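S.K.: Those protein sequence lines, which keep their order, are chains U and G.
For the first sequence, the numbering used here assigns the number 1 to the initial residue and increments by one for each residue that follows.
For the second sequence, the numbering used here assigns the number 1001 to the initial residue and increments by one for each residue that follows.
Rather than coming from a laboratory, the hints here were simulated on the basis of the structure.
Relax, there's no trap hidden among the hints.
Quick list of simulated restraints, FRET-style, between CB atoms:
id : chain 1 : residue 1 : chain 2 : residue 2 : range
1  : G       : V1157     : U       : P360      : 32 to 38 Å
2  : G       : E1222     : U       : A160      : 29 to 35 Å
3  : G       : D1141     : U       : R525      : 44 to 50 Å
4  : U       : E88       : G       : P1221     : 22 to 28 Å
Every beta carbon over 10 Å from chain G, so not counted as near; a handful from chain U, in silico:
id : residue
5  : T44
6  : R63
7  : E464
Here the structure is a predicted model, which is why all the values come from computation and not from measurement.
The beta-carbon is built from N, C-alpha and C at its ideal position, and this holds for glycine as well.
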Amino acid sequence: MTPEGAQDPLDDGLSAARLFLLAPRLFRGMVLRGASPAREALVTALGEHIALRRLPGHVDDERLLGGIDLAASLSAGKPVHQTGLIEEAAGGALIAGMAERMDSGVAGRLAQALDEGGTALVLLDDAADPDEAPPVSLSERLAFACDLSASRRWQGVEIAPAAGRLADVAPLETQAMQALAATAAMLGVDSLRALIFAGEAARGLAALAGRAAATEADLAGAVRLVLAPRATRLPPQDSEEPAPEEQPPPPPDGERDNRDDTEQQQPEPDLSEILVEAAKAAIPAGLLESLAQGKAPRRSSSSGTGQKRKAATRGKPLGARPGMPRGGAKLALIDSLRAAVPWQAVRRRELGQAQAADAPIIMRKEDLRIRRFEERAARVTIFAVDASGSAAAARLAEAKGAVELMLGQAYITRSEVALVAFRGSQAELLLPPTRSLTRARRSLAELPGGGGTPLAMGLNAAREVAEAVIARGRSAALVILTDGRANIAADGAPGRPQAKLDAEAAAKAIYARGIDALVVDISARPGPEGAELARALGGRFLALPRADARLLQQAINAAQPMQAA
Amino acid sequence: MARFPFSAIVGQDEMKLALLIAAVDPSIGGVMVFGDRGTGKSTAARALASLLPPIMAADGCPYGASKEDQARYPGVCGSGKMVKRAVPFVDMPLGATEDRVIGSLDLERALRSGEKAFEPGLLAKAHRGFLYIDEINLLEDHLVDLLLDVAASGENVVEREGLSVRHPAKFVLIGSGNPEEGELRPQLLDRFGLSVEVRSPKDIEVRIAIMRLVAENERDPESFAARWAGEDEATLKRVAKGKARLAKLEAGEDVLRDAAELCLAVGADGLRGELTLMRAARALAALDGAKKVTRKHLIAIAPLALRHRLRRDVLDETGSTVRITRAIAELFG
Chain U
1 MTPEGAQDPL
11 DDGLSAARLF
21 LLAPRLFRGM
31 VLRGASPARE
41 ALVTALGEHI
51 ALRRLPGHVD
61 DERLLGGIDL
71 AASLSAGKPV
81 HQTGLIEEAA
91 GGALIAGMAE
101 RMDSGVAGRL
111 AQALDEGGTA
121 LVLLDDAADP
131 DEAPPVSLSE
141 RLAFACDLSA
151 SRRWQGVEIA
161 PAAGRLADVA
171 PLETQAMQAL
181 AATAAMLGVD
191 SLRALIFAGE
201 AARGLAALAG
211 RAAATEADLA
221 GAVRLVLAPR
231 ATRLPPQDSE
241 EPAPEEQPPP
251 PPDGERDNRD
261 DTEQQQPEPD
271 LSEILVEAAK
281 AAIPAGLLES
291 LAQGKAPRRS
301 SSSGTGQKRK
311 AATRGKPLGA
321 RPGMPRGGAK
331 LALIDSLRAA
341 VPWQAVRRRE
351 LGQAQAADAP
361 IIMRKEDLRI
371 RRFEERAARV
381 TIFAVDASGS
391 AAAARLAEAK
401 GAVELMLGQA
411 YITRSEVALV
421 AFRGSQAELL
431 LPPTRSLTRA
441 RRSLAELPGG
451 GGTPLAMGLN
461 AAREVAEAVI
471 ARGRSAALVI
481 LTDGRANIAA
491 DGAPGRPQAK
501 LDAEAAAKAI
511 YARGIDALVV
521 DISARPGPEG
531 AELARALGGR
541 FLALPRADAR
551 LLQQAINAAQ
561 PMQAA
Chain G
1001 MARFPFSAIV
1011 GQDEMKLALL
1021 IAAVDPSIGG
1031 VMVFGDRGTG
1041 KSTAARALAS
1051 LLPPIMAADG
1061 CPYGASKEDQ
1071 ARYPGVCGSG
1081 KMVKRAVPFV
1091 DMPLGATEDR
1101 VIGSLDLERA
1111 LRSGEKAFEP
1121 GLLAKAHRGF
1131 LYIDEINLLE
1141 DHLVDLLLDV
1151 AASGENVVER
1161 EGLSVRHPAK
1171 FVLIGSGNPE
1181 EGELRPQLLD
1191 RFGLSVEVRS
1201 PKDIEVRIAI
1211 MRLVAENERD
1221 PESFAARWAG
1231 EDEATLKRVA
1241 KGKARLAKLE
1251 AGEDVLRDAA
1261 ELCLAVGADG
1271 LRGELTLMRA
1281 ARALAALDGA
1291 KKVTRKHLIA
1301 IAPLALRHRL
1311 RRDVLDETGS
1321 TVRITRAIAE
1331 LFG
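Next up, chain U with everything else stripped away, as it sits in the complex (with noise of 0.2 Å):
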């Protein structure tokens, strides 16, 4: 049994802050996630060994990394030159709160800094919502990541120094390395980045111990923090092993000391057997639930093609162009000054020393410049796919196709697809708003059919998705793909009167929130309830008795032309 009894999700997190401090430029940082005092206690324990350099979310290029200081260069009439965030940090390490939102622009430039050994980096990760996470670009290059938001500890949290260095670590045995590959493939971690920390991870912890060569504890501890963040699924049961003794994974409170047990149950256990047991018990709770039940984890959308626009509500930027700052046109401060420069010698020699004197630049109406915008049609489709009864297989099938095809043509309409499939007594979001085909494929390639027609639930989930898009400032249209016949209430008790009620309630709340609706019924003999629910929802309906995936498309694109950029 471990010292404290129960373990606190700190003690990993005081493990990994340890190794990070071994050798900064190997582990290239940490990610920290749930804001907790035991967070802060951590990042307050780290900056007493190593400089901690705040980057906002805002930071721009020009601080990030280093440039010409316009503002000082103007006072000063000569240029001065600022250091960048990132040389400044050098030797130290950068830390990012809420790292979630940031911007995948700045998440590039730290990629390259990381790359480079410049700087190492903190990431305080706040996502409270599944779909966010900090760039995969960045949590990727860093050995570590922590759920602290479970912790319940705050006070005397101190990183104890390291007994010993990690280049008087020995090299890992052929025989760890090949357990600790076969834990990673088992976990589904590809990534050999991950494999590679996860080695030097064990060594790193026998060093701080002062060993001076990594054990079996070492390993398992490497997995636990390095391999079973970053997994992928859940490793497969042993189907060797006796059945009373197979137990669910346990949950990642109830710890537990894996090498004594495992040695219980057989005599010489396989070293790998022991490190898969060792991530089992490592893996997030919500990763775990999440995996179980077959679903990709959460992935970052801010590095994503989509969300990259969040912020640029108003458009991709043109750059500036020359004009006055009116009629809602915002006045380009840095571009102005930047026509302004050039002309200073001459228009002082123009306006005479005296006048020019006291004025730092000389501004004329012809140096002002405006920002411009593209504003981008950036439209998200929503199909909401009743996968209910029969006619739910070749349904399915036409719709994936429709988004198929949509999603081939989004090049050209800066369009993006989502799906949402409802059966049985449940609706799910099946595909994301995605741009990217071959993701499309992935989630789309075994869709469930069958049971009864919970519409209530189907047009809620879309809606809720359609709510997404919009507050990310993109429109968003749905298609709901069905006979109209609901027989599953919202609560998931079946009965068509109080369907037929939840699914009208459904139904205006999208009309009320003003999202353009088309419903499609491919049904062999379509009834009147699908125009009923069009009617409802104050959108079109298409009866498309036979339809095909092509057909499909065309009637879509005709109903909700897609305005290109």
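Got chain U; can you put chain G on it based on the hints?
M.R.: Just chain G now, with coordinates in the frame of chain U:
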């Protein structure tokens, strides 16, 4: 930080081959690398640059101009003495602004002397070398357009901020990205000469070998580099010889016919596919030290040169590589 030696990169043969071919014949038009994170894409691209033979460039010239550049752009490249310098490798970050890429008004000179001078950007830096963009699929479209345009013309023309500048910018564009996070427009994809798909090695032994090499490099980069220096040197010689041989190699009528037939069979639209296929086969032959370009070279390089040019039928999920190998088997047996 010392770069990882090119020869020490385990696996990723297709990517390494594509990079070497682009080094032998930069006119092939860039390499697009598709693949997951952490598969060593950046490592390979960076390693290649440090492996290439140094070039002779005008001293103090921001464009690293060659003798020919000095003749073609007399006002721009100056007449400085020629000195040895490493092949430039520019790592372009995702957030780069247009200003930084194409260059902009030199604020420093403007402030100091009121002079309207051009401050060269990343394109100038990359001249005669490599421009590497990770996650190119996430780059703003207008920047990608611009890059491909300059890469194709070999010249950066700046007409903005009252500047009117023309400078040489010949570089090999290397883009990488994960298609799951967003795709490149097909018309942009077509502009890349070669495309490769990189997967994380699944074989445990290979993964262990990589772990071991990286750990060794981490412990003692100098002796690690020294250990691989011999092999890197050999590769360098191969590239240099290939470059020299390239001018003498000509693809015969039979190879040209094969290329045309293959492009027709797989449905690769446009002349660009044929041209690239032919050039790439020639570069491969040069790299191999072959006396002439043969069908063997063509077949070996076809997937790299064509797989991103196939007409896409979104409902057909057959991979492009499969379609090409199938067509090769049908045509050439």
